[in-house]
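Trainee: Take a look at the letters that make up each chain.
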Amino acid sequence: MEQKLMALSGNEAVAYAFKQARPHVASAFPITPQTEMMHKYAEFVANGEIDTEMILVESEHSAMSAAVGSAAAGARTFTATSSAGFALMWEIVYITASLRLPICMALVNRALSGNINIHCDHSDSMGGRDAGWIQLFSENAQEAYDNAVMSWRIGEHKDVRLPVMTTYDGFIISHTADSLHMLPDDAAYKFIGPYKPGYTLLDVENPITVGPLDLTDYYFEHKADQLAAYDKAAEIVGKVSEEYGELTGRHYGFCEEYKLDDADLVMVILGSSAGTAKDVIDEYRNKGVKVGLLKVRMFRPFPASYIAAKLAGRKAVAVLDRSASFGGFGGPVFTEIRSAMYGQQVPVHGYIYGLGGRDFDLKQVATVIEDLQKVASGGAFEDINLLGVRS
Amino acid sequence: MSFLPNSQLHTGGIIREAGNAFDYKTGDWRTFVPEFIEDNCIHCMFCWIYCPDDAIAIDTSGPKPVMKGIIDGHCKGCGICAHECPPAKKGKSALVMVREEK
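Chain order of the listed sequences is P and V. According to our numbering, the first sequence holds residues 1 to 391 in order. According to our numbering, the second sequence holds residues 1 to 102 in order.
Hints in this document: simulated from the structure, not taken from any laboratory. Quantities reported herein were computed from a predicted structural model and do not represent experimental measurements. Any given hint might turn out to be false.
[Unchecked claim] Here are some chain P residues the structure puts well away from chain V; computed CB gaps all over 10 Å:
id, residue
1, Glu2
2, Gln3
3, Ala376
[As the list claims (entries may be wrong)] Taking lysine to any residue pairs in the SDA-like style, the calculated list, with each CA pair at most 25 Å apart, reads:
id, chain 1, residue 1, chain 2, residue 2
4, P, Lys158, P, Arg129
5, V, Lys25, P, Pro207
6, P, Lys239, V, Tyr24
7, V, Lys64, V, Gly19
8, P, Lys223, V, Lys76
9, P, Lys158, V, Tyr24
10, V, Lys76, P, Pro212
11, P, Lys223, V, Tyr24
12, P, Lys223, V, Ile15
13, P, Lys239, P, Asp185
14, P, Lys196, V, Gln8
[Stated by the list, open to error] Some, not all, of what chain P presents toward chain V, calculated at C-beta under 10 Å:
id, residue
15, Ala75
16, Leu99
17, Asp371
Think of the CB as a built atom: it goes at the ideal place given N, C-alpha and C, for glycine as much as any other residue.
Working from the sequences, and respecting the hints, build out all of it.
Mentor: Now the structure itself:
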C-alpha cells in the first residue's frame, strides 16, 4: 500500500486518523495539550473536508456526556482531552464503558493538578485504568496515528464494543513535528469500515432503555459481562493489529520488543520514553551488556500472561512508571507486572520518573541499566525508586 | 482466569422490553397504605391519574373504566390518591390512608 510521507505533529496526525473514520459526531472541550488536535479537526470541518457534527460543550463532563448520548443514538463518535479534563469526565468515562459504547478518545497525556502543570506524565490515563476502556500507548506520532486508526476497528468489533483511548505524551509527541506515513483516506476508511452500532435509541420500532437502575439483582452480572468483553478485546487488538500490519507494513502487538531476545536485563516502559531508552540500550549493547526493552503498547486490557512469558528467565527487570500511585506499592505498571510475575524467580523493581514533564534523559536510562547490572549480580535493591528527582 | 459473556443479558445493560417497570416491584418501603372502600367509589379515575407510579388497578374492558384497587408491589404509600379522592358519597372518600402493620 502506497502511503504518503507527512511531517505532522502528534496532534495533527491523530486528527487525520479520526477524520479518516468519517465520524458522525465529535464533542470536546479545549485543554492543553489536546486543544491543537480538536483545533485541527475543527479546521477540517470548517473547510468542508468532513461533515462531522461538532458539539460545543461547556466542560469535559459535558463533552463525554454528549459523546455518550451520540453513541447511544448510534453515531460514530469521538472526543479528546488531557489531564484535569479527563478527571472531570470521570463519572461518564465509566458509564461509556458500562454501556459498551465504542467511543474513541485521544488522551494527550498531561500531569494532573496540583500544582498546575501542563507537561507530560501518565497520571491522567493511569487514573482511568480501571474504568473499562481499552488503552493504547504510543511512542511517537506514527504510533499515535496508527493506534487511532486501529482504535475504531477494535472498539466497534461486535464482540468487543468498548471505548478505546489512544494516548500519546503531551508536548513530547503532541506538539513536535515528526515524519510519518499515512494511509490514503479511502484505504483507511476501507480498513475501518462503516459503523454498525450494537443498539440505537433512534430505532422507534424497537424502543430501548439505556442506563436503567441496576441494583443488587443484576449489576454484578453486567460487570461480569464487561470483564468478558475485556478478555475478548485483547484477542481483537491482536487480530486488528495483524491486519493493519499486512496493509501498512507497520506491525504492532501487545508490546514492542527491542533487543529483547537474548537480553538478561530488561526495561519495561510506556510511551515516548521508549525512544530515549532504545538509544541508551544501543550504547550498552555496543559495550556488550545484554540489555533490552519491552514497550507496553496495550496497557488495558493488561496482557499479564504475555508479559510474564516475555520476562521469564531474565536476570533483572526494571519497570518504569511515569505516574505515582500515592500510598500504593509502586507505580501502576510496576504493580501489575510484579503481580503478573508471581512465582517466577525474576527480580523486578520499579522506578517512578518524569512526573510533570521532567525530562527523561540518557543519563537516567544509564542509571537504570547500571542498577539492573547490580541486581543481576546479586545486589539488593529497593522495590520502588525515584528517577531524576532532586533530593 | 477468563470470563465468558452472559448469554441472558443484553450488552451494555440496556433493556429491550418496553413497559417492564411494571414487573419491577418497588413498593416495600411504605408506612401507610391506602385502603380501598369500594362502596364509596364513583370511579372518577382521579386516583389513577394522580398516582405517580403504577399502583392503581383499573378494569378497562367495559364502556367506562372501573377502579379495582391498589397494586401492592408498586404503592409506596405517598397518599396522593387518598388526598385527591373526592368525598363524593355522603362526604366519604373511597381511599383512606391507614398505617400498615404486619
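Trainee: Taking the hints in turn, state whether each one holds.
Mentor: Here is what the structure says about each hint:
1. P:Glu2, annotated as away from the interface, keeps every beta carbon of chain V farther than 10 Å; the closest lies near 39 Å.
2. The claim that P:Gln3 lies off the interface holds: its Cβ sits roughly 35 Å from the closest Cβ of chain V, which is beyond the 10 Å cut-off.
3. At roughly 33 Å from the closest C-beta of chain V, the C-beta of P:Ala376 stays outside 10 Å, upholding its exclusion from the interface.
4. Using a Cα cut-off of 25 Å, the hinted pair P:Lys158 and P:Arg129 holds, with the two alpha carbons roughly 22 Å apart.
5. Straight-line distance between C-alpha atoms of V:Lys25 and P:Pro207 comes to about 22 Å, which keeps the hinted pair within the 25 Å bound.
6. Taken as a hint, the P:Lys239 and V:Tyr24 pair is broken in the structure, with Cα atoms around 42 Å apart against an allowance of 25 Å.
7. Note on V:Lys64 and V:Gly19: the hinted pairing holds, with a Cα-Cα distance of about 24 Å set against a maximum of 25 Å.
8. Only pairs whose Cα atoms come within 25 Å are accepted, and P:Lys223 paired with V:Lys76 is rejected, the gap being roughly 30 Å.
9. Under the criterion of a C-alpha separation no larger than 25 Å, the hint pairing P:Lys158 with V:Tyr24 is inconsistent with the structure, at around 30 Å.
10. For the hint pairing V:Lys76 with P:Pro212, the CA-to-CA distance comes to about 20 Å; that is within 25 Å, so the pair holds.
11. Restraint check: the Cα-Cα separation between P:Lys223 and V:Tyr24 comes to about 21 Å, which is no more than 25 Å; the hinted pair holds.
12. Distance hint between P:Lys223 and V:Ile15 is fulfilled; the C-alpha atoms sit about 16 Å from each other, no more than 25 Å.
13. Restraint check for P:Lys239 and P:Asp185: satisfied, since their Cα atoms lie roughly 22 Å apart, inside the 25 Å limit.
14. Our distance criterion of 25 Å between C-alpha atoms is met by P:Lys196 and V:Gln8, whose separation comes to about 22 Å.
15. For the restraint placing P:Ala75 at the interface with chain V, the shortest Cβ-Cβ distance is roughly 15 Å, beyond the 10 Å limit, so the hint is violated.
16. The beta carbon of P:Leu99 comes within 4 Å of a beta carbon in chain V, closer than 10 Å, and the hint placing it at the interface holds.
17. Given the 10 Å rule on beta carbons, the hint for P:Asp371 is violated: about 34 Å separates it from the nearest Cβ of chain V.
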